[in-house]
Every structure is written in C-alpha cells, then in structure tokens.
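2 protein chains.
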Amino acid sequence: MDRIIRIDVGAPGGPRVTEEGLGKYAGFGGRALTSAIVCAEVPPTCHPLGPENKLVIAPGLMAGSAASTSGRLSVGCKSPLTGGIKEANSGGQAAHYLGRLGIAAIVLEGEHNGSDLYKITVNTDGVKVEVDKSLALLPNYALCEKLKETCGDSVAVISIGPAGERKMSNSTIAVTDPEFRPSRHAGRGGVGAVMGSKGVKAIIVDPAGTKMRKPVDPEKFKAANRAFVEGLKRHGVTGQGLPVYGTNILTNVLNEAGGYPAYNFGQGQFDRAADISGETQAALEDERGGPGSSTHGCHRGCSIQCSGTYYDKDGNYLTKQPEYETVWAHGGNCGISDLDVVAKLDFLDDNYGFDTIEMGVSIGVAMEAGVIEFGDAEGAIRLVEEAGQGTPLGCILGAGAATVARCFGVERAPVVKGQAMPAYDPRAVKGIGVTYATSTQGADHTAGYAVAPNILKVGGDIDPLSPEGQADVSRNLQIATAALDSTGFCLFVAFAILDQQDTFDAMVETINAMHGLSLTGDDVVELGKTILRMERGFNASAGFTKEHDRLPSYFTREPLKPHNVVFDVPGEELDQVHAF
Amino acid sequence: MDRIIRIDVGAPGGPRVTEEGLGKYAGFGGRALTSAIVCAEVPPTCHPLGPENKLVIAPGLMAGSAASTSGRLSVGCKSPLTGGIKEANSGGQAAHYLGRLGIAAIVLEGEHNGSDLYKITVNTDGVKVEVDKSLALLPNYALCEKLKETCGDSVAVISIGPAGERKMSNSTIAVTDPEFRPSRHAGRGGVGAVMGSKGVKAIIVDPAGTKMRKPVDPEKFKAANRAFVEGLKRHGVTGQGLPVYGTNILTNVLNEAGGYPAYNFGQGQFDRAADISGETQAALEDERGGPGSSTHGCHRGCSIQCSGTYYDKDGNYLTKQPEYETVWAHGGNCGISDLDVVAKLDFLDDNYGFDTIEMGVSIGVAMEAGVIEFGDAEGAIRLVEEAGQGTPLGCILGAGAATVARCFGVERAPVVKGQAMPAYDPRAVKGIGVTYATSTQGADHTAGYAVAPNILKVGGDIDPLSPEGQADVSRNLQIATAALDSTGFCLFVAFAILDQQDTFDAMVETINAMHGLSLTGDDVVELGKTILRMERGFNASAGFTKEHDRLPSYFTREPLKPHNVVFDVPGEELDQVHAF
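Chains as they are written, first to last, in full-length UniProt numbering: chain A, 1 to 580; chain B, 1 to 580.
Bound-form chain A, shown alone (with noise of 0.2 Å):
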C-alpha cells in the first residue's frame, strides 16, 4: 500500500494518470497523508475551487488488513465551505478495497477546463478515465443503479451527486456500503465540490483479484486484533450502547444534560425529544423488521455495528439508521419530532450528496429567518428537494448556514470558520465549544470529543458547565483524533481505548504487528502533534488567526435554558489549545 496515483484532469488531450511511491509521504495514511499532501502542494491562499486546489482521498495505515474497524476512509482538500483544510472522514467499503490494491491515495488535480464528466475506475489493471455525460447530474442511489448494471456490485463507488457537480459548498462525497448503497459520507466542508470541480463524478474502486494484506506479523497481529475486538465489546459504549441503539442514544442523554441544541440553537432542551430518542428508534425499527435494520456496519469488518436500517411502515427501504447528528439536525434544531420525516431527509441529504449536519443547520437558520416556521416538516422537505434540484432557494441552502445566514440577514448562525456546528450546545457542553473554536476543521465535534469526558464521563470527567480544564481536555482529544484519523481506525474506537489502557495497547499493537514497526503511545501523540501542525500552519498561510478560533459572538451573550449559561472559555485558553 504504497501507491499515490495522480489524475491531472488538465493534461493536455485529457486526464492523465500516473504513479508514484510515497516517496516523503512515507509512515503517513489517512488524514495524515491527506493533509500532509495538502499542506505541501496546495498553496494556502488559492481559490477552493479553482485549478490549484487538490483532492485526496486515502484509506488509513489499516486498511485492507483484518483489523477490527479499521475501514474508515480521509478525503481531503483546501475546504470551499471553511476556507482552511480539511479532512472528511467516510465509512463504506472503499477504504479496504483501496488498501487490498495497494494505493495509499488518490489524488485529483489539475484545471477541468470542459464540460467533460469523468467515471474512473480503479481495480488490478490500473486507472482508466473515461468520459460519461450520461451520468450528469444522477443523484448518488441512481448512480449507482446505473453503475451497477456495469460493474455489479462487489465494487466500491465513491461519488458525488447533484451538489458537488454544482459546486456547492455543502457538498459530500458518498461512498457506497457494504449492501451498496451510497450512504457513507465524507460528509463536511464541501469535498464534493472540489471534486465536481475536477469534473469526477465517480471512482469505481474494484477489488477483483486482491487479497486482505498481510501483516509483517501475522500471529501479533491476530493475538492484538483479538484483545482489541474483545476490548470493544466490553466498553458499555461500543459493546452495548451503539450496537444497541446507534449514535442516537444520545438524544436523551444530551436532553437530560441541557445541552441538546433545539430550534437553532434557541434552547438547550427539546420538549420532544422522547420522539425521536434512539430507544424510540431502535423500538421502531425492530418493531419493522427488516434485514439490518438493528444493526449493521459501515463497512465490512467492523465490530461495533453501530448503524442500521431504516424501513418505513410498509417494510421499504428509506435510508439507513438515522445518526445521532443527522436526528438532531433535521429533527430537535428544527422543531421536527417525527422519526419517518427525518428519515425521509436523511435519504434525500444522500442521494443528492448534502452534509446532515450542515443541511440540518441551514433549514435552522432558514427557519430563524422565517423562511419557513419552525416544525414545518413538509417545508423542510421541500428545501432539501429544491437544494438537490439547484433552485435559487436550494442554492442558498446547498450554500451552508452561514450564507444561509448572510442571504437572509440573520445573526444568529451556529458556525465557526463557516462549518456548522453539530449537536451539543457548546455554553453548556464547554469542551466540546472549546474543539469547535480551535478545531483546524471549523465547527466538528469528532475534532477532539470532548463530549466524551464533559457528559458521557468516558476518558475522564469534567463538569460541562464549567470553563475550568476544558482546553486541556479538548487539546488533548484533538491530538489523539488526528492520529486515529491516520489509521483508519473509526473514531468510535476512542471510547475503549480513552478507558481502558489495554484495549489502547491492543491497538497499537495492531499497527506494530501489521507494519513490522514498534511505535508506542508517545509515538501516536507525536504522530496527532504533527498532523495538528501541519493543518494550522496552512490555515495560517490562508489568513487565519486567534480571531477565527472563537465562537459567534452570540454564544457568549445569550444565556442557554435550562442551565442559563453562555460560552465562557477565555480566549486566552483558546489560545493555548495549540500550544504544544
């Protein structure tokens, strides 16, 4: 796994590819390699969606191994909707598949100057380019019907919908999943758009032929894989909460803990969040049936299963298992408590390749604006469909909050650095407002999850309300999830190895035993130290400062119900979250 393939859509006659080692890349996977090829070739200041931007996608150090949950995919680029660089993060089958043909990543770039659209194709004879107008336009589950038809469905597409073909700034890249469905996202900052820019509308990642990669130590690495596996399935969180009820468990926690962001960030608690609560869900979703509606993995080889199905009332297929985001973003922040509409929205962010929290944080600010009333599901629904159609309305919305927020002269947009904020309120969660402030991402709570400690009270306990302690916790977090951002490794793996130091062992015992290497826990702090530094030394060469750490103003002015309390980290810790 040692291949960076280049597509340059600009070569004259056409795309061309080529091939090369890692060459100064070396060590790096996943996030590390995407932002390290980033921060080296990107120049910090060019436009997102212009000639000089770059798209990266690499599976992490894990990938096509046997390691448990280790299939998670990093897309990265200079981000149309932060303006800094990101790294989205997607499940799916691509990762592994990637990693069993040996490419460590794709990179697209170049100047798409035609209105050519590209499908490639990845698979053991090399890359193939090919122009497919056909595909225009198709959002992702018609696309991949189409594919299908040519490809089967033992292959792994990454794709773009409507959005990213139209640039917006919300914008995912899908990435198809075990059943072969396109509902796996690299979902935040507008990657799709950069790839639209590229003028690719899918890759086509084939495994035909390959084999799982062997360890350097195949005996190391059953005997780690074990105890990690084992070590997963004995943390209530990822042995019993997730695979149980999903991310939505967190509804009522997040509830009960007055820090559940409901009507745009008005309120700290929604009067009906039982409605849409993962016991409602798992409930619901059990009580339809159907295969994987309980449980199901993002991708194959994951241990955890903290996904699932979701069927409507007559048994069809609707989406998979709403998350924990994409409930309280299309639900609570929009005063909409009724699990099918939600459902229905999170097929439709899907299909035309919408971020959840992002699209669910735009209707918000939609909502505060009056464009519609607060709970109008049927107008909800509208506003995602005019999106994917790339209507005046929906272009606004495709745009992100914060244009949502400038087009319609409202204040109050839950961002930071441009990128809308997930689904804890941070004046009452403060860590996690500590990781939106400083995270090199923008507004992301898998940047450092400081929820963790302030409420779920894994990897330490921290009183939520208070300032006190929370810089150093969400630094901390942001450090350790830049380095499993690198593996491959789902982010959810944090909560047994943040509790429990042999399942940590465990797992870095897989790397050692899968690379021939002996890296400890410094090593991987190291590893999350480096890949931070590099991140924010591009967004400083791209203008930003202490000033783009810090959270809207009316964060710190507005008392939150129930607890009445607002954001209250001094800046100065703020500053200090880096300072390593």
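No wet-lab data here; the hints were simulated from the structure.
There may be inaccurate statements among the hints.
[Stated by the list, open to error] Derived DSBU-like pairs (lysine-lysine); straight-line CA-CA distance at most 30 Å:
#1 A/K148 <-> A/K133
#2 A/K529 <-> A/K214
#3 B/K529 <-> A/K546
#4 B/K546 <-> A/K529
[To be verified] Computed far set for chain B versus chain A, every beta-carbon distance over 10 Å:
#5 D8
#6 P12
#7 T18
#8 G110
#9 S134
#10 K146
#11 R181
#12 R213
#13 R234
#14 E378
#15 R382
#16 V458
#17 H515
#18 P559
#19 F580
What you are looking at is a predicted structure, and each value in this text was computed from that prediction instead of being measured.
Even glycine gets a Cβ: it sits at the ideal position worked out from N, Cα and C.
Given chain A, put chain B in place with the hints provided.
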C-alpha cells in the same frame, strides 16, 4: 459643530436619545470621526448585524460652511459585506444641514429587539424618534414622496430602502439631493443593513432656522475659497472634463487603455464601449434636455457639478446621470450597451437601496454562472427587481458578488475582502490593483485612486502595466484620501490639488480659516496616516492578515486581453503599503 447625538435603540422602554460633546474625538470629522468611534466602541469580532455594532453618520470638518464642494457625508460601521471597518461616502444635502445644526455625528447603537421601524427627525428643537410602520419596505423614492407630505422638501432625508431593511450585505444608505431625490448613496459595504439592523428607516435632517456656519477668520476664508474654486475651474478634469461629460468620460479612456473590465473581468476592452461612453451619454442628455440634464451638483455649493439628470426619450425623469462606475458595472461588465437600460438599473438600485458597483458585479458573476446570459438586459432588470422584492434569487444578488459566486459555485468573483472591484481591471491598471488589495475598505477605487497617475497622468505619470512603484503610488493616495474624506471635500478636488500646489494650499487655507487653525500639508498627511492606522488596527483585531491583502488568485493566473498581463505586484510590496 461639536455635538454627538447617540440613539440607543435598545434602551428599556424604547429608543433613548443622548447628546455629548466631541470629547476625545475633538478635531475629527467625516471618516476620521466615523473610524475613530468604530475603533473605540465596536468590538472588532462582533457580528455586523448584532447589537454590538454601531452606525456612525458624520459630516466632514467643513460641513455647513460656504467652502466649495465640501458637503460629503461619511457613514461608518463594521461592514456586513467585508467584516472589516467601513467608511462609505455620499453626496446629498444632509452633511451641510447636519453641520449647520452643529451635529458632528449621529450614532445609532444598541440592540433592536422588536419589529418597530423608526423615523428620526433632527432639527433645532432636538431629536425625535417615532415608530412608523407605514414606512416598511417603501423604496427610497416612494419614501421621500411620503415624507414630503409632512416634512416638505427643504429637509434632507437619510434613508434605507428594502435592501437595508432586509439587512442585505449589499445595501446602501440614501441621501436626498438638492431636488429632494434619494439619488445619492453611501453605497459600499452594506451600511444600509446596519441601519436596518437598528430598525431605523429614515433620518430627517431639517435645517430650518439654522444659518451657514461662520468661519473663525471670514476674510481669509473668503479669499482662500475663491482661490480654491478658481483652481478647480482651471484644472482640465474638474474644470472641463467632469462638468461637461460627467465621470463617464472615463469609459473611452479606460477602454483605450485596455483596462476596462468587460464581461465580468473577462477582457480589458468592451467592443461596444462607444455606445455607452460619456460622450455618447452627454450628447443624448443634451438632445433630450430637461432641467439639470447636462450638469448638476450632488449637493448645493459644489462648483464641479459632475452630475446631471437622465430623462427618457419622452422627457420623463429616469434617474440622476449614471456615473462611470454604474455605466460600467451594469453596462460593459454585463455586456450591455444600452444607456436607457443602464439608467433604468441605476434607478432601481437607488430606489431599492443597492450599491451599483456591487450589484453590477453581482449580476456579472451570475452571468458567468449562467443564471442569465451576458448582454441580457431584460434579465439584468429582472434580477435587480427580484433583489428589491427579496425573492430567493434576489437575496443571493443582494448579498453581493462573493455570495453570488458561492451560491453558484463560481471561482471568478472579482472581490477583495468580500467587496466587488470597481471599473478598472487591476491587471492593466496595476496601481489601482494595489489599492484594491490593500485598502482597509476592500476593493475600492476611491480609497486610493491610482488610476490618476496610471492612466490620467494626474498627480504623476507611471506605467499602468508595470508593477514598479505602484505600492508607493497607492500608499500616498490612500493616505491623502483618508485625510480628504475627513474634511467633507469631494474626492474629485484631488485632481486639482494633486496637480496644482496653489490649489492644495488654498484648500488647506479654507480649513485653517474656518477653524482658526494653522495646519500644514504635513499635518494633513499625518491625519491620513492616523486614520489608516486606526482602520488597519480594527481590521487586524477582526482577523485580517496580509493574506487578505491580496487579489483573488485568478488575477495572477489568467492574462487579460489585449495586453495579456496578469497582476504581478509582489506580495512583499503589497505588505509595504501600510508600512509608514
């Protein structure tokens, strides 16, 4: 003229009016005063539409006097368009009337919570704030007609149209001209949205019972003013060019120089420039006739009279004489060559309250995106109408060119710090490119009009295609302009005072005689530097860095015809513009 009127729209029980002396702001007027108040009182990282922003309306130091051409008005705030400090400058009758009332500044501040819409009357009795919801969403012309019923037409009105009420990032503050038409605008940076965010629809300034302000040394003043006017008459630009042809005399000049940005900055010449030139326009206006058709001042007491009145073919008033920037923005920039269409668009912009430069460039970007075709005059009118009505497409247009580009996924947005470039391509007029890049105001030709020495050979002679020496040219002009914007003198006096030392001396002498001072040219330069330092400080604290003092990268990448030049003033030189 030493009173600051503050209106706190968030006071308990309704707006509270207070009055105070200049205090620490003594000696400042116009831009110096607006920027000083904004820098001292507005948190740089606040939201422009939030309660912490303030709108400062300040006439210049010479307001209310008999000094020629000294009735310009400054409006300052944190800009909703750029996110940095803003001073927008307008003609009209208000500045002189405020000066006669002894008012140095009106400051709108506080949090406007309700839906109340305020009408403020300022006269010798004091300040009255009334709620008048009947004014809601009235366009500027209808508003003035309605106000005339109760106030007559010998007052001045400072107002916002629907754009400002909707808090659009492109929204102006209109000021009535000598004919009580709302044709003069503090146009740039979205200042109307800040007035809208304070709930203020109109400020009526009634000078009844006031007299012209008396100079400290009347004899010296009279002599100096006479010499000043003589100098303006003597200079070719202020004595002949501007009075006869208006600012649109520049169309042919810039087009011949290859620096006229046609088709959204796609090329440096417009094939139908002759159809919309100042010469063509003047002949048409002469042919149609009517009061003020050929010359007209934006305020009484102007001896340049660069404006005029535009009538349709049947002799009906259409709008004031469209200026060069307007004719370019809606004309050549959009591939439109019909002066009646341009005049119609100018009227619509004034009526709804849009900056013509920002709107024209926004339409150009929409044309680049394929929303309508280049040259589609009916389409352009429809877009401005939609913006005025606040349809979704209109809200995109009304948010400015950068937002249009974001919503439609276009790279080529000719903006700096979010503000649209005016009518000079920075690749072929590199001096103005330096001003666009480095001004505290975003892309703004008036911030340092390097077109003068680059193209007009006024105040110097430097090759417009060469990067050499342009940073020095822009620096000196930015300093001089900041000072001039504080006096209330029109920027156009710069042509005469740059070329004729005795005219410069006469201008300074009018200030000295008016205020009993003994300022020298050096003092004027120091004032300019002081203002720029304040503004730069504000912007730095708002998060602006040298990376924001750059043109969009495509200007350094894509050569402009016919000279096939890119913008190549080195970043290091741009970084030296404010090193003084």
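**Asked** Hint by hint, which ones does the structure fall short of?
**Response** Per hint list: zero violations.
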